[in-house]
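> Can you make the complete structure from the sequences, with help from the hints?
Chain residues, written in single-letter form:
There are 2 protein chains.
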Amino acid sequence: MLFLEKFFNPKSVAVVGASRTPGKIGYTILENLKYSFNGKIYPINPNAIEILGLKAYPSVLDVEEPIDHAIIVVPAEIVLKVIKEGIKKKIKVFTIISSGFSEIGEKERELELKKLCKTSRKIRILGPNCIGVYKKDLDMIFFPKKRLKRPPEGFISFITQSGAFGSILLDIMANEGVGVSKFISIGNKVDIDEIELIKYLEKDLSTRCIAIYLESVKDGLEFIKTAKRVTKTKPIVCFKAGKTEKGVEAVASHTGALAGSAQIYSAAFKQAGIIEAKSSEEIFDYAKALANQPVLKDNKIAVVTDGGGFGIVATDTAINCGLELPSLENSSIKALKSFLPPYASTKNPIDITGDATVERYQKTLEIVLKDKNVSGVACIALMQIPTLTDEIVDVLKDCKVFGKPITVCSAGSDYVLERNRKLERLGIPVYPTPERAVKALKVLYEYGKILKRK
Amino acid sequence: MLFLEKFFNPKSVAVVGASRTPGKIGYTILENLKYSFNGKIYPINPNAIEILGLKAYPSVLDVEEPIDHAIIVVPAEIVLKVIKEGIKKKIKVFTIISSGFSEIGEKERELELKKLCKTSRKIRILGPNCIGVYKKDLDMIFFPKKRLKRPPEGFISFITQSGAFGSILLDIMANEGVGVSKFISIGNKVDIDEIELIKYLEKDLSTRCIAIYLESVKDGLEFIKTAKRVTKTKPIVCFKAGKTEKGVEAVASHTGALAGSAQIYSAAFKQAGIIEAKSSEEIFDYAKALANQPVLKDNKIAVVTDGGGFGIVATDTAINCGLELPSLENSSIKALKSFLPPYASTKNPIDITGDATVERYQKTLEIVLKDKNVSGVACIALMQIPTLTDEIVDVLKDCKVFGKPITVCSAGSDYVLERNRKLERLGIPVYPTPERAVKALKVLYEYGKILKRK
Numbered sequence: 001m002l003f004l005e006k007f008f009n010p011k012s013v014a015v016v017g018a019s020r021t022p023g024k025i026g027y028t029i030l031e032n033l034k035y036s037f038n039g040k041i042y043p044i045n046p047n048a049i050e051i052l053g054l055k056a057y058p059s060v061l062d063v064e065e066p067i068d069h070a071i072i073v074v075p076a077e078i079v080l081k082v083i084k085e086g087i088k089k090k091i092k093v094f095t096i097i098s099s100g101f102s103e104i105g106e107k108e109r110e111l112e113l114k115k116l117c118k119t120s121r122k123i124r125i126l127g128p129n130c131i132g133v134y135k136k137d138l139d140m141i142f143f144p145k146k147r148l149k150r151p152p153e154g155f156i157s158f159i160t161q162s163g164a165f166g167s168i169l170l171d172i173m174a175n176e177g178v179g180v181s182k183f184i185s186i187g188n189k190v191d192i193d194e195i196e197l198i199k200y201l202e203k204d205l206s207t208r209c210i211a212i213y214l215e216s217v218k219d220g221l222e223f224i225k226t227a228k229r230v231t232k233t234k235p236i237v238c239f240k241a242g243k244t245e246k247g248v249e250a251v252a253s254h255t256g257a258l259a260g261s262a263q264i265y266s267a268a269f270k271q272a273g274i275i276e277a278k279s280s281e282e283i284f285d286y287a288k289a290l291a292n293q294p295v296l297k298d299n300k301i302a303v304v305t306d307g308g309g310f311g312i313v314a315t316d317t318a319i320n321c322g323l324e325l326p327s328l329e330n331s332s333i334k335a336l337k338s339f340l341p342p343y344a345s346t347k348n349p350i351d352i353t354g355d356a357t358v359e360r361y362q363k364t365l366e367i368v369l370k371d372k373n374v375s376g377v378a379c380i381a382l383m384q385i386p387t388l389t390d391e392i393v394d395v396l397k398d399c400k401v402f403g404k405p406i407t408v409c410s411a412g413s414d415y416v417l418e419r420n421r422k423l424e425r426l427g428i429p430v431y432p433t434p435e436r437a438v439k440a441l442k443v444l445y446e447y448g449k450i451l452k453r454k
Numbered sequence: 001m002l003f004l005e006k007f008f009n010p011k012s013v014a015v016v017g018a019s020r021t022p023g024k025i026g027y028t029i030l031e032n033l034k035y036s037f038n039g040k041i042y043p044i045n046p047n048a049i050e051i052l053g054l055k056a057y058p059s060v061l062d063v064e065e066p067i068d069h070a071i072i073v074v075p076a077e078i079v080l081k082v083i084k085e086g087i088k089k090k091i092k093v094f095t096i097i098s099s100g101f102s103e104i105g106e107k108e109r110e111l112e113l114k115k116l117c118k119t120s121r122k123i124r125i126l127g128p129n130c131i132g133v134y135k136k137d138l139d140m141i142f143f144p145k146k147r148l149k150r151p152p153e154g155f156i157s158f159i160t161q162s163g164a165f166g167s168i169l170l171d172i173m174a175n176e177g178v179g180v181s182k183f184i185s186i187g188n189k190v191d192i193d194e195i196e197l198i199k200y201l202e203k204d205l206s207t208r209c210i211a212i213y214l215e216s217v218k219d220g221l222e223f224i225k226t227a228k229r230v231t232k233t234k235p236i237v238c239f240k241a242g243k244t245e246k247g248v249e250a251v252a253s254h255t256g257a258l259a260g261s262a263q264i265y266s267a268a269f270k271q272a273g274i275i276e277a278k279s280s281e282e283i284f285d286y287a288k289a290l291a292n293q294p295v296l297k298d299n300k301i302a303v304v305t306d307g308g309g310f311g312i313v314a315t316d317t318a319i320n321c322g323l324e325l326p327s328l329e330n331s332s333i334k335a336l337k338s339f340l341p342p343y344a345s346t347k348n349p350i351d352i353t354g355d356a357t358v359e360r361y362q363k364t365l366e367i368v369l370k371d372k373n374v375s376g377v378a379c380i381a382l383m384q385i386p387t388l389t390d391e392i393v394d395v396l397k398d399c400k401v402f403g404k405p406i407t408v409c410s411a412g413s414d415y416v417l418e419r420n421r422k423l424e425r426l427g428i429p430v431y432p433t434p435e436r437a438v439k440a441l442k443v444l445y446e447y448g449k450i451l452k453r454k
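So the protein lines, in turn, are chains U and Z. So the first sequence is numbered by my numbering: it starts at 1 and just counts up by one. So the second sequence is numbered by my numbering: it starts at 1 and just counts up by one.
Because the hints were derived from the structure by calculation, they are not lab data. There may be inaccurate statements among the hints.
For identical chains, the list gives no copy identity; a pair is met inside one copy or between any two copies.
For lysine-lysine, the following PhoX-like pairs were computed, each having C-alpha atoms within a straight-line distance of at most 20 angstroms [unchecked claim]:
id, residue 1, residue 2
1, K300, K372
2, K347, K246
3, K40, K55
What you are looking at is a predicted structure, and each value in this text was computed from that prediction instead of being measured.
Right, dumping it as structure tokens:
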């Protein structure tokens, strides 16, 4: 664990393979580190004196001060040599961005790396063939910021076996305003793997949900055992790629790992209390609900909508996934009727109609969230409606005081997306369709059941 | 049909209930018409002399010139009176935006409207309780453009029983750059319904795919009969809301219509050759593929990707939905190997790896699309990669010459979304996940099978 602490919070970092050429990976990483990391940065490049205003060194051995964490972007052929120099320099933690190992059939090279890690029990390696770590104050992602935005700080930590999948997710999170705590690309995982990271994140106060994109697990039993313990206090949502025979083949040529059957994984996830995402969309949808909302204590929800059609679709989805839409208490219905127009519907789904104002939403949500028959709300808001002023964001945010989960369905273009971003930043998960907003509630119910297990 | 022609292409339009107050529906409709419609516009308002620079009239009867199409936004109580005046004025076509009919239990009022339509066989009504029509040169959507953007011109025509659903879809289409031909909100459909509109759109040259959001169908047999004929030349994709008992109840209180069971609708759609969208996301995903891409002649596709993980997910999806990923011809594999780096994979999924250039995409796509074993391609492109310059857009567009369908998976934030928009405008459908890009190909295969039916 101390190792991993050094990994996420180093005091000094070396970039071995730092480049002077804009556009090169070794340049972009250095640039992104420079503008995120507060500690000392040492570019390592035998042909440079200075890069991006930082003094460069021919080798880590030429640096006099201690180095906590080395990020390696040199060609695969010289990675081992670099690590050995690092060991001499007493560097404990290495992130190997370089590809060219088992994923292209270079198993021998990867095995040597593994051996090195085992014999010298003093070093830890992330990767190879990964895109490293992203956190607000440690950005080693090799994409320039103008091409790939960085998300705000938040409570989701994301472990990914695919760098591409992970990097696009970061960009989507940035676009939607969803916060990330730690992002870790594990690549071929010669050393640090998902199990160890889950253990670390279990204790990490800023992580409230662990999301994992997996292609393979080496130690299935240990994975289940660990997850079983962690999910008692922290939700884990997992998406498994490589579920079909053909997909499993593709995994082999991607990270050189062996994937198992879909059924085995699903059963294992269930046993471990892991929420399974069945698509790449679901992992993100679920993680943002689990990280930011309380659990749904039973399957009883209300749908509040200003669009009748969306209310119907939300209802269909809720019923089909095992949720119920109970009638509200008589007192609630009475209270709703006192201010809603006669053409509104106080049945669940509650349709406050297309001329709904922020005030109407506020009063309705308060009544519904205080109702004893209701344990959570899927709120559909057509932000395009002129009567819905910006205050809707605060009204939805303030729903948190009722201690019941809320998810929001809202979609459109710039005007709407800006409001959605504000909501996400305030911890209210927003979905572009009623189906996805309701399924997120369903997952909050599922996690509630997992928490109740002995 | 002539009636409907007047409906979509009137020479003059009256807005009965035009308002002088910005923010009011009667104001916004007038404003949007003014900036879209090239014919004469007559605001009708007994208290105004002029609105938005247009001369206003107390009643349609005070207008001397002929009026082709009246858009009605007055309170429900006086709609009948207005229609009667319109009949006197010899107006043939009415769009009733006003709500306050069967959807709130005012069945009698709706019945009178229906009677009026039947007895005077010379008028046609769209609505009530709808948001009317949108096409580039006839915009009667009551949302201001700064809140709800308008999509570019294109080949999808959309019929919707829910105004809210429809309006959000317009906004999403605008955001993604997906083109619309005609958008029609049918509301309570006292007169003009989906069947008649399908018949009209069948002959409409600018419509290449008909997308329908349905809550209920009055004449099921006629609907099936019509769709069966139309789908022989034009694809129809349909999303049915109100599938569960609870959802059906919600339909009743939304548009006052009676919905049927999910199974009945699914079977009917199948018989009619209609592609069924199982979620509100799918209707849009499928429509843009069907409107812009050729059919997939058999189930054999290739996946081309620069991200290994995404390739795996695409493969899983393809296999699970009945598509195959055949090996390429030997000559193709040889050709690919001549320029791809050794760590790329020429097996299908074809992984051209994270350092792919535009040139690499171009050569690969050309070889794959010319390959006899392959009938269509799902192309995954991480647009964030610095090596992928803007020319990727042209490369993907140029794939059209091979006559095989292509769908693209690309997601992220501003930088990527701008490229995606360009692609959509060029008729290349783009999806945020590999699953959705592959399922769109699947639907192109399904429609191909429908076309082969006798």
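> Determine for every hint whether it applies to the structure shown.
These are the hints, each one checked on the structure:
{"no.": "1", "hint": "K300 with K372", "verdict": "within (10 angstroms within a copy, 54 angstroms between copies)"}
{"no.": "2", "hint": "K347 with K246", "verdict": "between (48 angstroms within a copy, 10 angstroms between copies)"}
{"no.": "3", "hint": "K40 with K55", "verdict": "within (11 angstroms within a copy, 72 angstroms between copies)"}
Checked against the numbered hints given earlier, this structure breaks none of them.
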